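Build out the structure end to end from the sequences listed, making use of the hints.
Chains A and B, in that order, give the protein sequences. Residues 1 to 316 (the working numbering) are what the first sequence spells out, left to right. Residues 1 to 249 (the working numbering) are what the second sequence spells out, left to right.
Keep in mind the hints are simulated off the structure, nothing from the lab. Keep in mind it's a predicted model, so treat the numbers as computed, not measured. It cannot be assumed that every hint is accurate.
[What the hints assert, rightly or not] Some residues of chain A that are not near chain B, with every Cβ distance over 12 angstroms (derived):
no.	residue
1	Glu-32
2	Leu-172
3	Val-290
[Unchecked claim] Not everything, but these chain B residues come out facing chain A in the computed CB check (under 8 angstroms):
no.	residue
4	Leu-16
5	Val-17
6	Val-61
7	Arg-100
8	Arg-166
We treat Cβ as the ideally placed atom computed from N, Cα and C, and that holds for glycine.
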Amino acid sequence: MTAVDKRLSTPVIWILLLTMPYWMDAMGGYTELACRVVVLGLAAMALNFLLGFTGVLSFGHAAYFGLGAYGAAMTIKFMVPSTALAIVVGVIVGTVAAAVIGALIVKLRGTYFAMVTIAFGQVFYFIAFRWNTVTGGDDGITGWQRQPLNLGFTTIDIQHSDIAFYFLVLALFAFAVAIMALLLRSPLGRTLVAIRENERRALFLGIPVERHIWLSFVISGAFCALAGSLYALLSNFTDPRSLHWTLSGNFVIMAVLGGMRSFWGPLVGAAIFVVLQDYVSSHTENWMSVIGLFFVLVVTFFPRGVVGIIKRRVVS
Amino acid sequence: MTLLRVQNVSRHFGSLVAVDQVSMTVEPGELRAVIGPNGAGKTTFFNMISGFFPPTSGSIVFDGQDITSWPAHKRVSHGMARTFQITEIFPELSVRENLRIPVEIAAGFRLQPWLSRKDDVAVRARLDELVQMGGLTDKADRLVGELSHGDQRATEIMMSLALRPRLLLLDEPTAGMGDQETYDVTRLIRRLHRDEKLSIVLIEHDMRVVFHLADRIMVLAEGAMLAEGAPADIAKDERVQAAYLGKTQ
Numbered sequence: 001m002t003a004v005d006k007r008l009s010t011p012v013i014w015i016l017l018l019t020m021p022y023w024m025d026a027m028g029g030y031t032e033l034a035c036r037v038v039v040l041g042l043a044a045m046a047l048n049f050l051l052g053f054t055g056v057l058s059f060g061h062a063a064y065f066g067l068g069a070y071g072a073a074m075t076i077k078f079m080v081p082s083t084a085l086a087i088v089v090g091v092i093v094g095t096v097a098a099a100v101i102g103a104l105i106v107k108l109r110g111t112y113f114a115m116v117t118i119a120f121g122q123v124f125y126f127i128a129f130r131w132n133t134v135t136g137g138d139d140g141i142t143g144w145q146r147q148p149l150n151l152g153f154t155t156i157d158i159q160h161s162d163i164a165f166y167f168l169v170l171a172l173f174a175f176a177v178a179i180m181a182l183l184l185r186s187p188l189g190r191t192l193v194a195i196r197e198n199e200r201r202a203l204f205l206g207i208p209v210e211r212h213i214w215l216s217f218v219i220s221g222a223f224c225a226l227a228g229s230l231y232a233l234l235s236n237f238t239d240p241r242s243l244h245w246t247l248s249g250n251f252v253i254m255a256v257l258g259g260m261r262s263f264w265g266p267l268v269g270a271a272i273f274v275v276l277q278d279y280v281s282s283h284t285e286n287w288m289s290v291i292g293l294f295f296v297l298v299v300t301f302f303p304r305g306v307v308g309i310i311k312r313r314v315v316s
Numbered sequence: 001m002t003l004l005r006v007q008n009v010s011r012h013f014g015s016l017v018a019v020d021q022v023s024m025t026v027e028p029g030e031l032r033a034v035i036g037p038n039g040a041g042k043t044t045f046f047n048m049i050s051g052f053f054p055p056t057s058g059s060i061v062f063d064g065q066d067i068t069s070w071p072a073h074k075r076v077s078h079g080m081a082r083t084f085q086i087t088e089i090f091p092e093l094s095v096r097e098n099l100r101i102p103v104e105i106a107a108g109f110r111l112q113p114w115l116s117r118k119d120d121v122a123v124r125a126r127l128d129e130l131v132q133m134g135g136l137t138d139k140a141d142r143l144v145g146e147l148s149h150g151d152q153r154a155t156e157i158m159m160s161l162a163l164r165p166r167l168l169l170l171d172e173p174t175a176g177m178g179d180q181e182t183y184d185v186t187r188l189i190r191r192l193h194r195d196e197k198l199s200i201v202l203i204e205h206d207m208r209v210v211f212h213l214a215d216r217i218m219v220l221a222e223g224a225m226l227a228e229g230a231p232a233d234i235a236k237d238e239r240v241q242a243a244y245l246g247k248t249q
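Written out as structure tokens, the structure reads:
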């Protein structure tokens, strides 16, 4: 990584994110699409905290995303009509689940770990799917709406203004991403990279490897849950698909597509994924084949992802 | 006080007895060599001391504490560091980044999600010191994976040293090295022993290195202790000569 693109990439990304709702329309998109890019980008970056910076592959992060979504939706529908509380509850529910499941599976490695994350993810999917009376079953949780955000001195109408909601999402995204960036630059973050690079050496430097993987898993799950609760608020709806392992797989695709060794890579991957999905699915039902083909091409020819290509261009 | 007391440790792998009832004591400041023909159980013996796996029977006391069933990372944080026969480093990180991780761990920052400016300055100063001591000054910002075998080994030893251990275990530190590299690494170990007063146990095949460095030598053969003593006595020992010629007894 050169100093030039490191200094350039972050401001460029922020300028694009801050102006996205304004040029998205001109590009044939819409504000909700911009929201989806940011929310799924957050989920992919959260997954990548574990995948790219700790070296641990989870194929079950939709569980924490979906629990965040259900937590937020059920809070507003059944408890208190408050957007802020919905987000808090969503994050807590997802984080607690990640903490418990993480503790159970942290001894496993590699493929075994990935398989068990899928299995646990599917448990939540089937609960949501079957428990009609509480979760609404296949129909999901409908008939509720995100509420205007009361800040005490003023109220922001995120209910009717898509742009206002976009900036709420972006603010929370900024907060989450800043924390992840700070963590990765800290001694704790460096122990995670040490585990990714050489687990045996990490252990014999005195790092309790399993405890640190667990920490990374919980942090990653927490931000994934935040993304999930925002996703439910975005569409005023959630259903069992937000828990399904295919969504977990999509998060992995986004991270790998964008470049999992890069901090912003998964966001770029998510943007490509979401826009491609939106564009192609309006032409054909087989949009997944197109994304699949694109994914295979990128992984085959540019194993460091789209960000890897850009970096190489900048350097040469 | 004795630094390390290993008592009658054995390790069985199924029906194979890799190490059989071996004992050893290491005093503070001592440099002990463990030698023996291939398959003598030297690395297995090391793995039990460092906590890679527990002994089947026997006990290990380090610095007054019974560590027999402790996990490896806990032994490390109580002052026992080791290197491996096949170098274990972070090949895709620079020398400085490799060293930075143990320096921060030794300073107690392992779980810290931030680093104050003052601490960062202290960490960097310690890094410079270690880089220089390891003779790595002009390579400090290169990826370790790109360096020569000797420099990788030096990095691994300095990473262990960065932990400020009281006991350093070196598993064949000169394995697979040319003469110049062997000489450099031997000099580095000697300096750590003499100047840093570090207690060291090392496994080694190169007898020049062993007789140059060791205060005492323990000889293992077929999983059991064959002899123990000062280098001069070991050199004269007929059983040891026999073992190295392929005959036991």
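Hint by hint, where does the structure go against what was stated? Just the numbers, ascending. 4, 5, 6, 8
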